[in-house]
Amino acid sequence: MGSLLEERFERWKSETLAKSVAKMPEQAQRAVTVSGTPVEALYVPEQVPDGSARDAYLNKLGFPGEYPFTRGVQPTMYRSRLWTMRQYAGFATAEETNERYRFLLESGQTGLSVAFDLPTQIGYDSDHPLAAGEVGKVGVAVDTLADMEILFDSIPLDKVSTSMTINAPAAVLLAMYIAVGAKQGVPADKLTGTIQNDVLKEYIARGTYIFPPAPSLRLITNIFGYAAEQMPLFNTISVSGYHIREAGSNAVQEVGFTLADGVAYVEAARNAGLDVDRFAPRVAFFFGAMTDVLEEVAKFRAARRLWARIMKERFGAKDPRSCMLRFHTQTCGATLTAQQIDNNVVRVTLQALSAVLGGTQSLHTCSRDEALALPAEEAVQIALRTQQIIAHESGVAHTVDPLAGSYYVEKLTDEIEAEAEGYIRRIDEMGGMVPAIEQRYPQREIEQSAYRYQQEIERGERVIVGVNRFTAEDQSLPEILTISEETTRRQIDRLATVRAKRDATAVGRALDALETGARKDDNLMPLILSAVEAYASVGEICDRLRKVFGEYEE
Amino acid sequence: MNASRPKRILIGKVGLDGHDRGAKFIVRALRNAGYEVIYTGIRRTPEQIVRAAIDEDVDAIGLSLLSGAHKELLSRVAELLKGEGAENIVLFAGGTIPDQDLAYLRSLGINRVFRPGAALSGILSALEEALTGGRSTGGGATT
Amino acid sequence: MDALIDKIRRGDRRSLARAMSLADKAGQEAQALKDRLRRSTGNVPWWGFTGPPGVGKSTLIDTLLGMLRQRGCRVGVVAVDPTSPVSDGALLGDRVRMMRHAVDEEVFIRSLATHRREGGLSDATLHCARLLELAGYDPVLIETVGVGQNEVDVAGVTDICVVIVGAGYGDDIQLTKAGLLEIADILVVNKCDLPDANRLLNEVREQLVLSSSATSGQAVYSDLTKSPGGTPDRKQASPGCTPKGMAPEVVGIEAKSGKDVDHLLEKLLELDRAARQPQQRQRHKQTRVLSEIRHSAMLVCEQALEDRLVAPATKELIAGLERGELSLDQVVRELSVISCQLSVEREPPRSGGRRLRTDG
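Residue numbers (our numbering), protein chains in the order written: chain A, 1 to 554; chain B, 1 to 143; chain C, 1 to 360.
To be clear, the hints were calculated from the coordinates, so they are not data collected in a lab.
Where a beta carbon is used, it is the ideal one built from N, C-alpha and C, also for glycine.
Since no wrong hints were added, every one of them can be taken at face value.
Computed cross-link-like contacts, DSS-like style, restricted to lysine-lysine with a CA-CA straight-line distance of at most 30 angstroms:
| id | chain 1 | residue 1 | chain 2 | residue 2 |
| --- | --- | --- | --- | --- |
| 1 | C | Lys-25 | B | Lys-7 |
| 2 | C | Lys-7 | C | Lys-285 |
| 3 | B | Lys-82 | C | Lys-7 |
| 4 | C | Lys-34 | B | Lys-7 |
| 5 | C | Lys-7 | B | Lys-7 |
Reference listing, derived: stretches of chain B covered by chain A, where coverage requires no fewer than 3 residues with Cβ under 8 angstroms from a Cβ of chain A:
| id | region |
| --- | --- |
| 6 | 7-20 |
| 7 | 35-49 |
| 8 | 119-129 |
For reference, chain A alone in the conformation it holds in the complex (with noise of 0.2 angstroms):
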């Protein structure tokens, strides 16, 4: 080893390693192989020749815990702690949903994922005509605070960290949160988890936008600087490259598209005042995992670095944690077959693994029905094994960055970073994300990727098992979840229920409130708290804002 190497590998040990060993001590749990040799946190090249090879280990890949960040975010990675598995989750009403929530916890689950109805994350209330079809079908049906208490009533929010995916009314159901956890007692300070906040990805592959940018972008930065001040445990953004790779982008565009996103809320941020090390700690990211699993390892590391290098070269960031890429991953939906749907169950185990070999700090697992409907409660519970399965049988968990030093995986990583920055460099070109987006450029590319892959599946070029090749008949399907028309009712009830018992005068003045405000330059998250509080629902307030800010059409 490299005499510099080697000092700077027994500096981590003494510095990083132990100071984060003291906090988070490595698991009770034995780390060795099945042949009983004990497994180490961390690997290094055993022979670096001197120079520029030397150089180029410890400027690109360094060691986990430190700049760049390749190797992961944690020196000890999952030798402290395992990812929080994390189920996304959430149907019909607030009590239907909650009864999963405890079924999963009870399960070994670590976290929640609350998936929103399409209603609730474009802000229309259930009894709304474009709510029709629509209400508690892709998730749990919102629309006052009174929905909220019952979604997490019994599920202390003190232990319990909770991701939600919500973007353009975040504000609103973030919230609804803090309103939750003041009754349970809980403090806005001593919360945790996510919401999903982003806005600009909306725009490019998923669809539930509400504002148009400008206006988002404030909201956006509001969420930030309200977190910044009253909840520091709490992500405030969680920037998702899933949705676009889900849309049909390829690895690459997936962190050049997404880390370009994070580059304009930060930049957005800045605009509005806030400095960077108060909010860039609080940022996340959220990507997806395809079947490619080299590729997908080689995805998640290029973009740690890549993302690591604009925090500190391009916004001068000086808190290491600004420049730390912490993210979510799920395994891609739309890889999942109708056909042979227990395949789906293997496609899940890889997607999975690709995940864990990259360093993620979370995880969804899809569950096999998918290609169908929303997942039955055998199909979630497959799904949740898999990555216990994969936690504490497969031993890939012992070490950190297993994969680093692979010839093939490293060369993937310098080319996707390569190239992601290609892509960050047009956008900037075209005077950033929002021109971009107006000028359908990554939609553009985006639908290009999508058609070629497809392409390559109808010409039977890219092989997908059960679907162009080793087809079978379709053998019976198991029994799927279906959301009864009685919960659009139930829903529209517990709605007008509330409105009737509420105190009008307060909602309309705290609705009042928040229009004036959004008129003016204030921060709109202590106006949507009170509405919420008075409980105004979330059609209300977000009608409200679309008074002022107007609606973005494609």
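Assemble chains B and C onto chain A, guided by the hints.
Okay, now just chains B and C, sitting in the frame of chain A:
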């Protein structure tokens, strides 16, 4: 010169779900197969879809739904088409639609439902058959 | 036919939509419809919108639709997209940006494909616009994509031609050089919120000064007599219209937010008022008919030429050319004469047919 102009197909997404990868793929594939394709984009109401279909005088409407709201939304589209006396327009659907709903969709006149993994060749031949007045095989879902 | 026309006049959308499909076909029935339309329309100004893909034409039309609706206008839109040269199919995606008007009874939007034919305005565009007028839509907006002969032709038959360029596109200036500047009554620079918008505005203004001095008085497209009062006619000094040598107005807007589109609309309405003068109406009717004749005649001639090229007699000409006994000029002249004769034999003679052949 255009004694037989290309058939016109409207592709759209009805309801609130914004996942348009499948719809956009079909749009391109149909264009490349020689159809004139009118794309409506995401988050459309049944009323918008039917009005556009009438004004554009299309031969078929293909709707993509992944949110599980297919029964409500497709029945509304079928009802509106009937109200316009436009049942001759072929209506087909794609997305996450389970077996148990196929009979209901058939009762609305939707005999062609394409689910994740459906081969493009199958979709194209089913459409061609429907548009050239051929009888549907009545096989229900083509997956 | 009269029953159909009646239904359209009474506002039956399905009849209107079906008539548009009919107008997009060949055949006797279609011909009868077109002949009928020609005599029943011509009083409504057509506003043309053209510019490169992605520049925001549909978004601008969407915004204008909203404003025109507020003023109580019933508006018709014909949106033209190119046909794929490979498959004959087409992706007609302009509607995506106008869907909020889809359920408005007082708006009718129709998407059309150019079809394969190069070098000519899609015949159907003209007739769809006429059908919209027949159904009481006023004004009629026509959107065409890209640059090229198609757009120039559209500019020829529209009363007002709006050319749109956008900030954020590196190749705008190239596009303006490609002939769009010469056909514009109004030049719109979209996306003026982008940083390089001012630069583009200035460059477009400079280009206009240059090009107006270069082409003033020249007949660029001889059959394109255009431009209502108050705007320059840079194509030809046609009877009854005095070229004023003015450059088109340059207007910077932000189509998506609607910023300054009201200003643009005022300009458009001003031109629209001028275009409604009887003298202008007469001139535009003639322009459109001339364009139709040219279009139809060229199709006939072309087809005749194609037929002629594969005829046995042509083999001798080809052989003669190969042997060096004939010059290319001679062969072409021979073929041209024959094909024109053929075309006249095939179709009843129409006024202008022969003349048109010679000015090509």
